[in-house]
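Required output: the full structure, derived from the provided sequences and hints.
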Amino acid sequence: MGKTAIEKIFAAHTEDEVAPGKVIWLKLDVRTARDFAGANVVKRFREAYPDERVADPEKTFFTFDCNAPANTIAYAQNQQTCRVFAREQGIRVYDVDSGIGTHVLLEEGIAVPGATLVGTDSHMNILGAVGAFGQGMGDVDIAFAFRHGRTWFEVPPTMRVRIRGNFEYPVTAKDLTLFLVGKLGARGALGKALEIEGEAVEALDMAGRITLCSMATEMGAISAFLPPSDSLWEFVEGATGRRDFPYPTADPDAEYIQELEFDVAGLKPIIAAPPRPDNVHEVSELEGERVDTVFVGSCTNGRYEDIRTVAEILKGRKVAKGVVLKVAPATRRVWGRLLKEGWLEVLYDAGAVISHAACAGCAQGQLGMTGEGEVQLSTGNRNFPGKQGKGPTYLCSPATAAASALFGKITSPERL
Amino acid sequence: MIKGRAWKYGDDVNTDVIFPGRYTYARMEPEEMAKHALEDLDPKFAAEVKPGDVIVAGKNFGCGSSREQAATCLVAAGVGAVIAKSFARIFFRNAINNGLLVLEIPEAVDAIGPGDEVEIDPEAGVLRHKGREYRFPPLPPTVMEILRDGGLIPHLKKALTKEG
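Residue numbers (my numbering), protein chains in the order written: chain S, 1 to 416; chain H, 1001 to 1164.
Calculated from the structure, these hints are not laboratory results. Mixed in with the good hints, there may be bad ones.
What the hints assert, rightly or not - Selected chain S positions facing chain H (in silico; Cβ < 7 Å):
#1 V23
#2 A48
#3 S122
#4 G136
#5 G138
#6 D139
#7 V140
#8 D141
#9 F144
#10 W152
#11 R187
#12 L190
#13 G191
#14 I222
Being a predicted model, the structure only gives us computed values, none of them experimental. Built from N, CA and C at the ideal position, the CB exists for glycine as well.
Below you can see the structure in the form of structure tokens.
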């Protein structure tokens, strides 16, 4: 019987039989912890393995992104706890100046097609964008992975989603993603691996692939996998100088637990209203609602392409009076490119406040939270009550965020 | 054997209400963590829960953030098991890795009411409630071994000792 994408990756990383429902011992190419939970990983490691070494410091990393640089003493302490441990163990730290950990793993060529990576970020599965298996895990899991370089994992069944038709700007990867979150719901792919395919998926640029894979978590999925594309290989070559990685493509006779098909021809800009990511509407249905704050960034929409889209819309214009536009590029590298190409200047002139690279609003990090009644539009991935403060949060694409910032109310980018 | 009263909740109980985010950076001892278990969902829970009590919930229990305290605070509070219609996978792992029994028994969830007496025999795969028996498929052998050993790290330590 053929194998699905995730089964192929697993089969190359275990001695055990790989089939849905089987628990296997999975070899991990990379294990990471961020500043969120990182200090607890260190605590767990020290308790469980006093005076022992991590399995392989070359394959172990810390990535600080949740609250970077720390704006509470507790966070600063947690980061320092990780740094001290890293020095003792010879582990590399991507410190508070680096950006969002998963994106750093992609840019540095640490996450490559076919690899297995775990970390304390529940959006680690974003690494499906390059055909890698990424998984967010808890403290004990990661302490264990640091020490032993492997973990147990139940092989999930795979669900295939075929996308028919295509869409055009200003409809973007985020609209496709929110559309799917709405169709599947928060539990639609619970405990399953997803394979999402179709012409529109293959046409996505790397930023779009990241956006789509990042919200697998909001569909309940273990991870999402996409077909390879030119944009993928260009990115991988740029990061590693190589293209000869085993991309996990499902066999033609692979077995799926469920197959779905959606037509996206004529798809409109989509927005998720509070209080859940799957509460989706066409932007046009909610147009006119007042907006106080617009946040552009996050692991879902913090790439160069995402922020350039916003800058292009705002070029030569100003955000509406009373609206605060907050921008946080995903990584230092993205930040630098936007700076050197002049896009940050465009955003500055439009009235934006620009932060250094990190998770920012999504993790209650730098760039602030919302107060009660403060309506926020975010290009992030979660709008659960309290996640980003007391105010209601809507999730949308960078284009919708920019159009709405211009007018001070929810606005479809089709109007521009 | 696990025996206790049921604490009943709905679908999509997320890790933010199981263990509030505002405490995740205070590195607490287990007894302290137990005091905040389910604080934002059911303020009575932490004060009234008794060892062996069982949480009974709907679909997708433990969704959202990967924070492990959502599992460890329940262990610290003495919760014997969580029975749900389904679990978010990161929570499911965190529970097992910390020795907390998690079972998907949808029919039992529908039948059990708040405060009902529940008895679970994980080895035999049986849950008893009001004279009725619910059979559930045994967890995979590796998972049962981890649970029996009290979590992932003790499990591997034991396995390594056995290998000599």
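Legend entry - Hints violated by the structure (listed by number, smallest first): none
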